[in-house]
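All chains should be built: construct the whole structure from the sequences, respecting the hints.
Which chain is which? The protein sequence lines are L and C, in order.
Counting along the first sequence from 1, when you hit position 250 you're at 250 in my numbering, and nothing is skipped either side.
Take the position in the second sequence, starting the count at 1, then add 1000; the result is the number in my numbering.
By construction, these hints were calculated from the structure, which means they are not laboratory data.
Being a predicted model, the structure only gives us computed values, none of them experimental.
Ideal placement from N, C-alpha and C gives every residue a C-beta, glycine not left out.
So the derived list for chain C, only partly shown, Cβ under 10 Å to chain L, looks like this:
id	residue
1	Met-1046
2	Gly-1085
3	Cys-1098
4	Tyr-1242
Derived EDC-like pairs: lysine to aspartate or glutamate, alpha-carbon spacing no greater than 20 Å straight-line:
id	chain 1	residue 1	chain 2	residue 2
5	C	Lys-1040	L	Glu-44
6	C	Lys-1314	C	Glu-1338
7	L	Lys-3	C	Asp-1099
8	C	Lys-1003	L	Glu-78
9	C	Lys-1303	C	Asp-1348
10	C	Lys-1040	L	Glu-50
11	L	Lys-3	C	Glu-1200
12	L	Lys-301	L	Glu-349
13	C	Lys-1025	L	Glu-61
14	L	Lys-67	C	Asp-1023
15	C	Lys-1024	L	Glu-61
16	C	Lys-1226	C	Asp-1175
17	L	Lys-100	C	Asp-1099
18	L	Lys-25	C	Asp-1059
19	C	Lys-1003	L	Asp-175
20	C	Lys-1298	C	Glu-1349
21	L	Lys-282	L	Asp-337
22	L	Lys-298	L	Glu-349
23	L	Lys-24	C	Glu-1061
24	L	Lys-312	L	Glu-33
25	L	Lys-268	L	Glu-339
26	C	Lys-1100	L	Asp-99
27	L	Lys-268	L	Asp-337
28	L	Lys-301	L	Glu-351
29	C	Lys-1076	C	Asp-1059
30	C	Lys-1040	L	Asp-48
31	L	Lys-25	C	Glu-1050
32	C	Lys-1067	L	Asp-23
33	C	Lys-1100	L	Asp-101
34	C	Lys-1312	C	Glu-1338
35	L	Lys-3	C	Asp-1175
36	C	Lys-1003	L	Glu-200
37	C	Lys-1198	C	Asp-1175
38	C	Lys-1063	L	Glu-19
39	C	Lys-1025	L	Asp-59
2 protein chains.
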Amino acid sequence: MSKFLSQRLLSLAPYVPGEQPQDKKYIKLNTNENPYPPCKGAFEIMNDTEAANLKLYSDPECKLLTKAASNHFGIKPENIIFGNGSDEILAFAFTAFCDKDTGAAFPNISYGFYKVFAELNCLDYTEIPLNEDFTINPENYYNAGKTIFIANPNAPTGIMLSVSDIENILKNNPDNVVVIDEAYVDFGGESCVPLINKYENLLVVQTFSKSRSLAGARLGFGIGCKELIDDLQRVRNSNNPYNINRLTQAMGAASITDFDYFKECTNKIISTRTYLTDELQKRNFAVLSSKTNFVFAKSSKTKGEDLYLKLKEKGILVRYFNKTIINDYLRITVGTDEEIKSLISAIDEIEV
Amino acid sequence: MSKFLSQRLLSLAPYVPGEQPQDKKYIKLNTNENPYPPCKGAFEIMNDTEAANLKLYSDPECKLLTKAASNHFGIKPENIIFGNGSDEILAFAFTAFCDKDTGAAFPNISYGFYKVFAELNCLDYTEIPLNEDFTINPENYYNAGKTIFIANPNAPTGIMLSVSDIENILKNNPDNVVVIDEAYVDFGGESCVPLINKYENLLVVQTFSKSRSLAGARLGFGIGCKELIDDLQRVRNSNNPYNINRLTQAMGAASITDFDYFKECTNKIISTRTYLTDELQKRNFAVLSSKTNFVFAKSSKTKGEDLYLKLKEKGILVRYFNKTIINDYLRITVGTDEEIKSLISAIDEIEV
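So, in structure tokens, the structure goes:
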């Protein structure tokens, strides 16, 4: 730390991404990546013309990508904004809709970045406890008096609130924005996108990192009424108007247009998730009901940290959170059938 | 604007990027892009393996890129941080080193984004006037009591301060960070990078968008002492730790390793710049002495806006700034020899 760092950032505890050890080849089930490659169109974009055109700035309006996405979602171009990953859209939302008067509220067990953003922005924030069964009680969010951030399905639990529960939260917060972070919604969840014209306070955030196999390309987006999106565009244009690179814009458009491949991959993952859940339950694991590309599960025999370490020793990475309430659970990304079979075998070897 | 937008952002005037009209094919001399394609290595990265790997997150530590850049600059890995364009590094610096007590100071004629960042962060900021000949008077920055941002060479003037002038500014601001934005330094300027171990308050910012023909890939970086870089990493990790996508990391490493191609392109641009300057001077234009890939020039016959519009009509885009002091000047990107010959012919047709 330098002596020049702003005092307000002294106590900041940055987000810790999932580990990426390089000592050997692991089966990576720890960062919720998609085991399948991006759509064919993304491969076709990897050509000499596109490489040569990298000398030119990307389109700050993301016109082709916006057109593809607005067609797909049945919305107007003015209802969508793109970010360098959905994290950037979340960052824009914290900047636009929170300040010293309007803090933030989010579940105490959720995507770890909400708290980091709240601290970076020096906000008054509330972490609202989950129920004992890890579900969210919608009523706890009524009249929060703060900007609300809810991951739906939630992470790392995988549990989904119904759209009608979200509607009740929206109705009971008419003076505050409610951000619904749907990073994992494509794995069997129901999206709130159709509600954007009904609720002026609804911002839906999604990503290309999970269901669309483009984590490495960095692309996320926000969908909401025109006025909310205008606010986010104002922040984007005051921050980094060329935030999405040329190749990512083209690949995003290709991905969103290839609905068949998207459904094929997400269906395969849903099917593998069912298999993984069944196999874990057969072994007396407590497994939360997941609508995501991961399961959150607790062994009846092995402590969370022990199981995480033993799996790592066997070349399988899963995510362990050193946090009370959830420290006996592991978050396991749904990989290919083969990867999940290796995981189950490894568990059987550990828990003989 | 929604009713939810934070009051503090109501008066924000976002940055306006150079126009990108789509009505016909233009000779684009308006956004300081490089007319030559990226290095050969960037083309080689456009392959199926890299496309398939986009399903995985990029390396948040940018290890390969950091290694290539630290070798090139003769610095340690801990002395460099990468951003989604140099704009993001500037944004991180405003966040880390400015607050309600420490404002920002920058030239009144400079990169337009400094003012936007200052307003976004609600800072107390000072715009320090240039001399009448558009040079910067270093003494005006002594003991500024604020974080200083200087583009060197400056934009849109193209004029460079000497390294000893910068050293004097550094020495006379021991309690504040001095950010030297070297976006254009590779076109004949002298970099301050060798000073980073001498001055703990020096942050140098550079970009791959100009000299390395990767504007569309979005990559910039900051170089400074370990403590300053740690501060910026803290902000990055609290904001967007996966900020650089996989392909951009690989292409950046390829570009920085291919020194011969880099020199070939920058030398060609310097030579074309000399030609452009000579031709404009022969036509009685006032041309500022440029160390960049653009020239800032004023016709003795035609008003700035008129010339800009007449060139646009002829299919040539240059940058016009509707701002007193500089509104009779045009910023002209140094394109290929052929493009610049077309520009000169067009001027001859306009100013018969």
